[in-house]
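Chemist: Going line by line, the protein sequences match chains R and Z. For the first sequence, our numbering begins at 1 and goes up steadily by one. For the second sequence, our numbering begins at 1001 and goes up steadily by one.
Honestly, the hints are just simulated from the structure, not real lab data. Glycine included, every Cβ here is placed at the ideal spot set by N, Cα and C.
Listed next, the stretches of chain Z that the computed footprint assigns to chain R, with coverage defined by at least 3 CB atoms under 8 Å from CB atoms of chain R: (1) 1022-1033; (2) 1038-1047; (3) 1050-1057; (4) 1064-1074.
Here are the simulated SDA-like cross-link-like pairs (lysine to any residue), alpha carbons at most 20 Å apart as the crow flies: (5) R:Lys121 to Z:Thr1064; (6) R:Lys34 to Z:Ser1036; (7) R:Lys161 to Z:Arg1019; (8) R:Lys161 to Z:Asn1020.
FRET-style restraints, in silico, Cβ to Cβ: (9) R:Ile168 to Z:Glu1012: 15 to 21 Å; (10) Z:Asn1020 to R:Ala124: 40 to 46 Å; (11) R:Met113 to Z:Leu1049: 26 to 32 Å; (12) Z:Arg1072 to R:Glu143: 35 to 41 Å; (13) R:Met113 to Z:Gly1025: 32 to 38 Å; (14) Z:Gly1033 to R:Lys61: 39 to 45 Å; (15) R:Pro164 to Z:Thr1070: 15 to 21 Å; (16) Z:Glu1012 to R:Asn100: 47 to 53 Å; (17) Z:Gly1033 to R:Val79: 31 to 37 Å.
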Amino acid sequence: MKTKNILLGLCIVFLGATFSGAVPTEITVRVKTKDAKFLGNLMGGAAVSIKDAQTGELLAKGLTTGGTGNTTRIMKTPVARGVPISDESAAKFTATIDINEPRLIEVTAYGPMVNLQAANKVSATQWVVPGKHITGGDAWMLELPGFVVDVIAPPAPATLKGVPQDVIISANVVMM
Amino acid sequence: MPGGMWDASKIEVTALLKRNGKRVGVLPMQYAGTPSQFTGTWDIKEAGLYEAIVYAYDASNGNTGVDRATFRVK
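Work out the full structure, taking the sequences as your base and the hints as a guide.
Modeler: Set out below in structure tokens:
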């Protein structure tokens, strides 16, 4: 009887710890651009925020850093279930949040942070359980649409003299 | 570039042209021979404040981007 009581007590203490103590939980966010690769240092990264979707509480924020990833793996290899397209070279933002119960988490990415005319925002929500890291495979991956279109001629703010005249309009168009 | 990993020939790049805030034309832009660059020539006949809204669009997946530029012609 005494042993049972001790075991019961331990269980209560353990459960109590699980629900009351904040547990560090790691979330890795990757931002893959539509029809292209990972958004990182080359384009100024994406600004990522991690919030509680129900209360709006900001839990972490930062920029994705790193490279665009492995071109062959992302752009040429057929996608297969369970095989990540990211590797260590793929840009990411990793944060550890301290949560003491399952939280509905909203991750938002805004970028690229250079060529801001191309910046878009994407977000998604999912449940995150204390201690259950979101780091496996491609982790929390968002897809960001868009091209970078950059008008390079005429240079702004240009004043052109004389009419009629042929004005050359030129733009640089790149994937993000 | 045309035929490249991101095939320039399947991306539509067009300038929508405005003069003093009103639409005055649409200028399809062509691959300029240098990777990622597209160009077109606009025959301007009147002075005014001009705006070019340039978009890139890939019909195969809906991907789209836009930039704008303004310039004055005296």
